[in-house]
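Trainee: Using the working numbering, count along the sequence shown one by one with no gaps and you end on 118.
Treat the hints as calculated values from the structure; they're not laboratory data.
This structure is a prediction, so every number in the text was calculated from the model and none was measured.
For every residue, glycine included, the Cβ atom is placed at its ideal position computed from N, Cα and C.
Treat each hint with caution, since some may be false.
Pairs of lysine-lysine, BS3-like flavour, derived with a Cα cap of 25 Å [said to hold, decoys possible]:
1) Lys97 x Lys84
2) Lys84 x Lys112
3) Lys84 x Lys65
4) Lys112 x Lys65
5) Lys97 x Lys112
Label-pair restraints from in silico Cβ distances [as the list claims (entries may be wrong)]:
6) Thr113 x Asn43: 31 to 37 Å
7) Ser42 x Asn87: 32 to 38 Å
8) Gly85 x Asn57: 16 to 22 Å
9) Leu40 x Asn87: 17 to 23 Å
10) Ser42 x Gly111: 38 to 44 Å
11) Ile28 x Ala71: 31 to 37 Å
12) Val29 x Gly77: 28 to 34 Å
13) Ile28 x Leu64: 14 to 20 Å
14) Leu64 x Ile39: 21 to 27 Å
15) Gly77 x Asp56: 18 to 24 Å
16) Val102 x Val82: 27 to 33 Å
17) Ser109 x Asp44: 32 to 38 Å
18) Leu101 x Ala35: 16 to 22 Å
19) Asn98 x Ala72: 18 to 24 Å
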Amino acid sequence: MNSKHSILLLLISLFTFSSSCTKNEDAIVGDISVAFNPILNSNDEATYYYRLYVADNYPTIPPLKSEYIDAASYQDGKIRIVIKGLNPGNYVFSYYKNTQLVTATVQVSSGKTNYYDL
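Generate coordinates for the entire structure from the input sequences, incorporating the hints supplied.
Mentor: So, in structure tokens, the structure goes:
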């Protein structure tokens, strides 16, 4: 085999390898926007957080996300948050209203934002 054929074969191999490493377009993430009305109980620190769990693992596995509820995010009497970059599927969103745990199943769809008013 001459050197021209060897170079051509090498270039074809490199092109084939690089094209097989492209990003899978089916793995697009999605977002959720949640509005909810917690009543914060100053005696219980847990009431100041919302949590997001993967639905299949709720409640046996720790939350995927646990964040402090920022009082500055109140609008029209509700907290409004957006959670970005989630894999498509079902999740459990939880928060406290006084000392009662409130849970809701939310769904993430590829490439879009799903809105929930709890």
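Trainee: Are the hints correct? Go through all of them and say.
Mentor: Hint by hint, here is what the structure shows:
Distance check on the hinted pair: Lys97 and Lys84 sit about 24 Å apart at the alpha-carbon level, within 25 Å; holds. For the proposed pair Lys84 and Lys112, the alpha carbon gap of about 10 Å is at most 25 Å, so the pair holds. Taking the CA atoms of Lys84 and Lys65, the gap is about 11 Å. The hint holds against a cut of 25 Å. Between Lys112 and Lys65 the alpha-carbon distance is near 19 Å, which keeps this suggested pair within the 25 Å criterion.
Distance restraint check for Lys97 and Lys112: the Cα-Cα separation of roughly 28 Å exceeds the 25 Å cut-off, and the hinted pair is therefore not satisfied. Hint check: Thr113 to Asn43, Cβ distance near 35 Å, so the stated range 31 to 37 Å holds. Evaluation of the 32 to 38 Å hint for Ser42 and Asn87 yields a pass: the beta carbon distance comes to about 35 Å. Range check, Gly85 to Asn57: about 18 Å between beta-carbon atoms, so the 16 to 22 Å window is met.
At roughly 30 Å, the beta carbons of Leu40 and Asn87 sit outside the given window of 17 to 23 Å. Remark: the range hint 38 to 44 Å for Ser42 to Gly111 is upheld by a beta-carbon distance near 40 Å. Between Ile28 and Ala71 the C-beta distance comes to about 33 Å, which sits within the given range of 31 to 37 Å. Between Val29 and Gly77 the beta carbon distance is about 30 Å. The supplied range of 28 to 34 Å therefore holds.
Remark: the range hint 14 to 20 Å for Ile28 to Leu64 is upheld by a beta-carbon distance near 18 Å. Distance hint check: the CB atoms of Leu64 and Ile39 are about 24 Å apart, consistent with the given range 21 to 27 Å. For the pair Gly77 and Asp56, the supplied restraint of 18 to 24 Å is violated, since their beta-carbon distance comes to about 33 Å. At roughly 19 Å, the beta carbons of Val102 and Val82 sit outside the given window of 27 to 33 Å.
Distance hint for Ser109 and Asp44: a CB-CB separation of about 34 Å, consistent with the stated range 32 to 38 Å. For the hinted restraint 16 to 22 Å between Leu101 and Ala35, the CB-CB distance of approximately 18 Å keeps it satisfied. Hint check: Asn98 to Ala72, Cβ distance near 21 Å, so the stated range 18 to 24 Å holds.
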